[in-house]
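Note that the protein sequences, when read in sequence, are chains Z and R. If you read the first sequence in this note's numbering, its first letter stands for residue -4, the second for the next number, and so on. If you read the second sequence in this note's numbering, its first letter stands for residue 251, the second for the next number, and so on.
Just so you know, nobody snuck in bad clues.
List time: in silico DSSO-like cross-link candidates among lysine-lysine, alpha-carbon distance up to 30 angstroms:
#, chain 1, residue 1, chain 2, residue 2
1, Z, K482, R, K559
2, Z, K364, R, K493
3, R, K559, Z, K517
4, Z, K611, R, K290
5, Z, K265, R, K661
6, Z, K335, R, K722
7, Z, K324, R, K290
Just so you know, the hints here were simulated from the structure itself, not pulled from any lab data.
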Amino acid sequence: MDMELDPDEVFRDDEDDAEAEYFRERASTKELAVYLIDASPKMFLTHSPSEKHMKDESHFHITMSCILSSLKTQIISRSYDEVAICFFNTREKKNLQDLNGVFVFNVGDRESLDRPTAKFIKELSQLEEKFAKEIGSQYGIVAGSRENSLYNALWVAQALLRKGSARTADKRILLFTNEDDPFGNIKGATKTDMTRTTQQRAKDAQDLGISIELFPLSEPHKEFDLSRFYADMIGIDDDGIAEFMSAIGAKFEDMEYELKRRMIKKRIVKTLTFTIANGLAIEVNTYALVRPTVPGSTVWLDSVTNQPLKIERSFICADTGALMEEPTKRFQTYQNMNVKFSVEELSEIKRVSTAQLRLLGFKPLNCLKDYHNLRPSTFIFPTDEEVLGSTLIFVALHRSMLRLNRFAVAFYGNPSHPQLVAIVAQDEVKVAGGQVEPPGMHIIYLPYADDIRPIEEFQMSPENPVPRASDEQIDKAAALMKRIDLKGFSITQLSNPALQRHYAVLQALALEEDELPETKDKTLPDEEGMSRPTVVNAIDQFKHSVYGDQYEARSSAGDDNMSEASKKRKASAGNAVKECENYNWAEMAESGKLTTLTVVELKYYLTAHNLPVSGKKEDLISRIKMHLRK
Amino acid sequence: MARNREALVWLLDVGPSVHHLLPEVEHVCSMIVQNKLLHKENDEVGVVLFGTEETENEDAKEVGGYEHVFVSHSIQVVNGDVLETLQHLPRGPVSGDFLDAIVVGTSMLIKKFGPLYPGRKKLYLITDASSPIKGSHGGSQEEQVKNLAAAMSSSGIKLESIVARGISGSDADEMVIVKNDRILNLLSRITCAKMTYVESPTSLLGAIRIRDKFPGTIFRGDLEISSQLKIKVRVYKKTLEEKFPTLKRFCDEASHPDELCGVKVKHQFKSFGDDGQIVPSSHEVTNGYLYGPQVVDISSSQMNAVKFKPEKGVKLLGFTDSSNIMRHHYMTDVRLFIAEPGDTEATIAISALARAMKRMNKVAILRCVWRKGQANVVIGVLTPNVSDDDNMPDSFYFNALPFFEDLREFKFLSFCNLSASLQPSEEQQRAADELVEVLDLGPSDHQEELAPDFTPNPVLQRYYDFLQLKVKNPDAAVPPLSGALRRITEPDPEFLSRIEAIIEAFMRKFGVREWHIHG
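Just chain Z, same shape as in the assembly (with noise of 0.2 angstroms):
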């Protein structure tokens, strides 16, 4: 198998990686997740969403939807996750308590809670069409009988959920169900007992350290009502219930973007002690709401047994060639001399500051460039967990700077990398029905000025002025810009094409798919809309009031320039055509007399033969010896 070994992408310094690491998330904690969907007949209603959607749609399918796109979100980015998917209320069992109306869907030899496959995914996508067959749906908890699907679903996740230490991992419970009432139907005593039962073992699988997420489905008329039940089994009280109501966004057609979003767990990076005068600190959770996805790296494995490699890095004493462990001095050539540095010393230079996150002052906003700008940005949220008040002090701040159109400026003293910043106050902002940006305050990391390079001075004319464009010519620009204008672009709407393309391929090579998908790059420009009569006039008439009648004119001219440039250089080539007839190359490079020449008249060679003429002198033989030889 061809094999690339570049020793810099693979033996990348760790020095590197170590800021690179700091700047993308760190997963300390991983996160097991069981789903626990209802199956009742109920979830299969259909309802019709609104006017525009012309396909009536079931709870049961929407729960079903995010799911998959959840795992597919995270097979990508959070692969040591693990997921288990569990039915309840269900006509078949399969559970290894063997209890009744509970299902634990999986595949092939993965355990019932492990890291989602490409096959599981894949299954679990088709199980739609043959749920009616192969799991059935059916009403778990009914009169007359002491049966209690949820009571069962609820000990089967627990069960699962056994697997790995609270300490490591997340472990949540994600409850789907649009039943607000599981016991309506149930009447007296046996009522009280198994609301009082079911509700005991939800509060033993919170004692565990487990959380339960309750992802209510409403109907478009009539809303979830959580005071029925639920309220008790999560743990909310009265004024909790508006707010989490709130948080859910009642209505059906925003619900699949909704469940999407409360899926995900919110991950913190750190917590930081935000110093806002002396003897007045508070705690703000940071958060990575956005940072770049790339593909994933190769990892590198033994040709035979298949089996993932480590890489071990040594270090060598240049002069005795004895094994050492890592040196913890460092040297800097400096005015002939060798200047040396212990790891201590270096990592004590970087010690600037004894506060993690300083408040310096407020400036106006619009003293925030942008070209201030030098990686992606850190979301801040308070937290009252170690300090009281927190929160009330950020919130006050928080509404001064947007009141007062103010960023604060601060010193973040990150031992690896302090930084000057800037310290961003975001007002929530919502459409109907769902949070578009959070409220809180973004640090955006600033450039110092040995950062920042001049470029326009260096573009500037001593002699004349230089050529601005007349009104006429910028009304012509705001024109076509109305012409050409994205209304309500959002970032949301672009998919990065090569991360599509990698995991599609990916995905078909897991699944052993014989042909390789065709995957589609939305980043284009929209060609079709470009060359609408209306768009084509206004950049004509742009054109026109910059250009002239010259602009093609111009570009041919410019493919003249061009030519002129490629005629020097093929006139040079065959001048060096001519010159090279003049030496007896075989020859001379038999005798090992190539070194005698110049590199001018080596060069000469190389031209004539359309060889690249870069390099040293040595190169430039060896080349030709290497030409020579074929």
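Using the hints, position chain R against chain Z.
Chain R only, in chain Z's frame:
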């Protein structure tokens, strides 16, 4: 590279009105020399002081005048002596004449190099320009300045001046300052010189570029508005992080104490044996990719054959309201789009688009593939950078935007849904408003403080300080941050004490006395 070579002459004011600034001047000049010693050993430097007791310069000898201008180092390849001089600048007793110094510096450069020097020739003036200029040596002052500027332009000499204002200890004469500013302005307009006013020692440190690199383009070609309209542009990096230097490892064993012994790093593949032990891998190595827990066996060359391969080019997707783009979505360091120099129409086209965007509050969305063979496209936003300097063309800033996959849409509690105890009272809100207003670093009657363009990296500054200390004493301790640098990492105590009452009121309103940090 020849074009990156530089000959630099410092024109340093050492007169009484700038004595209190000299520590920063010494610091920043030594850093530049240190940097040259490390990275640009062939650069040449000279030092001219003015405001000194003595007079020592060629012009004084040849034509007379030019008193109190002292050439302390003629132009020579950068070395340790220059550094020594710059670290111990004399405190001069006389008010210096910066125009005299510029003349002396210019003639030094012309005499030394003539027109043939391949690199850049630069004068670096640091002064507070608060002392009167002497009468001219014939002809009006304005004419003298124009002649000087012409001489500088024709021999390709650039002048960069740093003028310290508002931190001067003595009371300067308003009239003199106005007059001096006019001269400096005239000079900088004719010669395209850069002039910077600084109002604090910190911004003096930040105003001077330690490493002045000639920028390379990352793209030259067409900005494709559509298939019918292509504008010739160049794209440069506007910001690029100056990294902490990477130092080499060495072996500290006692066996070779005199010679510095290098360390080789060896990488080896190991596999997990059956018994869990790690053993060196004897087999051939191949590579694959992870898809979930599954390893998909495809080599990188096979992957290359099927992967996404976009075509080089920069295309417009369209314009949109600037409010559709969030500031916190800017992903990386920033690029600058500028029209191809010398292409008048392209310059006008860029200017028209930039000004129309500014007027209408629009931005442009672009799809960029800078190089052939680039692994992915970059989607980004162009924002206008309209210039009010007649000599500087309009341009665009370009910031990369995230893709859909790069966003994590976590949901956070709405602040208005917080329980009452977490909502600030009206009084508390007023106290917060007041704090935000008073703790002001923005521009008002003084310059903006801690502006990124004038704020040096304290870590790098400290590193070079330490390096210099270590040269003299290998056991030196890491020096503390100087006062000017501490202003970057913590607030100015003097500033805080001025607004103490408001901070105290804020603390009281939020009951700070009851504050406690657990654990």
